[in-house]
Structure formats: structure tokens, C-alpha cells
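Undergrad: For the record, the sequence lines run as chains A and B.
Under the numbering used here, think of the first position of the first sequence as 1, with each following residue one higher.
Under the numbering used here, think of the first position of the second sequence as 1001, with each following residue one higher.
Errors might be hidden in some of the hints.
Derived Cβ-Cβ restraints for the label pairs, each shown as a range [as the list claims (entries may be wrong)]:
1) B:Asn1038 x A:Arg115: 28 to 36 Å
2) A:Ser54 x B:Ser1197: 51 to 59 Å
3) A:Ala34 x B:Gln1040: 22 to 30 Å
4) B:Glu1039 x A:Gly61: 27 to 35 Å
5) B:Gln1040 x A:Arg27: 51 to 59 Å
Think of the hints as simulated: they come from the structure by calculation, not from any bench.
Each residue gets a CB set at the ideal place from its N, CA and C atoms; glycine is no exception.
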Amino acid sequence: MRALLLLALAGVAVAGCGTDRAEDAARVAEGFYAAVAEEDGRRACRQLTPGTASQLEKDEGKPCEEAVLALSLSGERAADSAVYVTAAKVDLDAGDSVFLDEAPGGWKIAAAGCRPQPGEEAPYDCELDS
Amino acid sequence: MTRLRRVARDNGLTLFFLGLFLAALAFQSLAGWQDVNNEQLRHQSPEISFGRYLVSSEFGVAMLENWQSEYLQFMLYILATVWLIQRGSPESKEPGAEGRESDERQKIGSHASSRSPRWARAGGLRTAVFSNSLLIVMGLIWLASWVGQSITGRVAYNAERLGHAQAPMDYMQYIGTADFWERTLQNWQSEFLAVGSMAIFAVYLRQRGSPESKPVGATHEATGSTG
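Using the sequences and the accompanying hints, generate a full structural model.
TA: Spelled out as C-alpha cells, the structure:
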């Protein structure tokens, strides 16, 4: 009986962690969108995964700090967020979705400015991805 | 013989398989952790700790998809051997004995002895429950494992989908996916093959000393005898 109780408590703790982590992911997504809106390219780029930042530089032929400000992003507040293992998706109020990966220092953005495409299996069409 | 040694000998079969289970689970968790981290590296994502892996859905689904199929296999075998026979198999009843059998043969109700379990003597609902308790418990463990597989499988599947910028699936969507059914059926088919081949192999093949086998010298036609 005591083992069952401990197991239940562990389950609640794990579920609780998921909620906190979803909020953390939402804050990172909001911070990234705020940094771009405030034209703070360096702060925005610090939120990206290394792979996404280098892909952006390669695509645009500019340093990340400059290239990130040219992205067409819309959104300010997170409307919904969900965490699955070490991946998260945050939906913003204006319709953009953001995909994040968990890194040792917290969540990093893998893709942003994403819009759903028709079909269950179609990947989102993203302004920024790796 | 000390009490501990006697307990160990009296429960040797259970303890042996419990030990094997724990060892195999430990090695599975280490291999699974390594595999997940290899995948993380391929996606330029940070590695996860062993503790984190143990509470992850990746580990959960890998463990539970096998549990559910094992319990389903034994549950079906218990149920099928009530009604179906395999002539010549030590696992089977004699032809003609198909079915739930008489109360007298099953030693229940007024046919129970004073040493029979209390619920076998009680009659009514308690005897009905106890008469099917093996099937009920195996069935409940199977269902719980299968539901657990579907819950953890969905989380692991959604993590993969997010990595490809795909929308996550809700529970009802997930249990209609090829991922869920492939995980389920790949385990079912192997269990059904193993149990079916065991039933027929035991007609013609022997293992001296095992109660799963007929005595070595028994005829191929002898059904239900063990040696």
C-alpha cells in the first residue's frame, strides 16, 4: 500500500514537472518573439539551438543577429504549450507555433514562425528551422 | 537446512525468473538510455541523464509493450486450454474434458475439502471470482500494461513528431496510428507463435524431468501427462 502511494506521488511529481516545463518553454518562446519585436538580435539568437542558428546564417548569408530580425513572426503571448519528453510546442496568440528542444541550460528554439499545413502528417511550414 | 534456504528452494522457480527479470530490465534500461542518447546526438540535442530516462515515456513504452503481450499470451493460453485441446500435448486436457468441468472435479462448494482455499468452499460470488481469479488477474495486468503502453507510446511518438515540426496527436488519434498497432502486433505475433509451437512441439519432443514435457517414454498420443 505504501509502495502504491509512493508510486502515485512520483507520478504526480512527474506530471507536475511537465506543467512547469511547459510554462518554461512558453516563456522562452515569448522571450524570443519579444527580442525580435524589440530588434534585439543578440538576445533572440541566444534562444536558438546551435543547429537552427547556423542554418539561419547559412540561408540568409548574414550573422544570426541580423538575419533573425528579418523574420516575419507574429505573436506575443503563449496561448498553449505542451511538452513531450525533451521536445515542446508552444502556440502563440497570433497563430504562430514554436518548436523547442530541451538543452542543459533550458529550452532552446528549434523552429519558429510555424504554421500548420493541410494533412495530419504534413510538417508545419516554418519561417525559421534547422 | 536454514529457513532462508528452504524458502529459496521452495520458491526457486519464482525467484529465478524474478532475478532474470530484474537483471534483464536493468540491462534493457542501460541499452535504451544509450540508444536514446545516440538519437539525441544525431539531432544535435543534449544527452539526458539515466534517472531522467528511467521516468521517460521512451523507457515506459519499451517496457510495457512487451509486458502487455506476455500477459495477453498467458491469459489466452489459460482461457483457450479450458475449451480447446491438443491431442498428445502435456499442456492439454484429455479429449472429452473440454469446458469448465464439474464442481466435483474442480473441488468447489460442497465438494471442497477442509483444506481447500476458503473462497473455493464459500460458494456464490466468492467461489465464482476465485474460480476465475488467475484469468482475472492476468487480464487486468494485460489491460493495465496495454493502456500504459498507449499512454507512454503517445508521449514518445509526439516527442518524435515535434522533432519533425509535426503537430502532436491526442490520445484517440494515437491509438489509431500505425505506430501503436505496429508496437502492439509485433509483440502479439511472436507470443502467439511461441505458445502455439510449444503446444504442438510438446506432442513429439521431450525434455526429461520437465513438467512442461511428457515423460520421455510416453507415447506421442498420450495427452495431459507430464514427467
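Undergrad: Each of the hints needs a verdict: does it hold here or not?
TA: Hint check:
no., hint, in the structure
1, B:Asn1038 x A:Arg115: 28 to 36 Å, "32 Å, holds"
2, A:Ser54 x B:Ser1197: 51 to 59 Å, "54 Å, holds"
3, A:Ala34 x B:Gln1040: 22 to 30 Å, "29 Å, holds"
4, B:Glu1039 x A:Gly61: 27 to 35 Å, "31 Å, holds"
5, B:Gln1040 x A:Arg27: 51 to 59 Å, "23 Å, violated"
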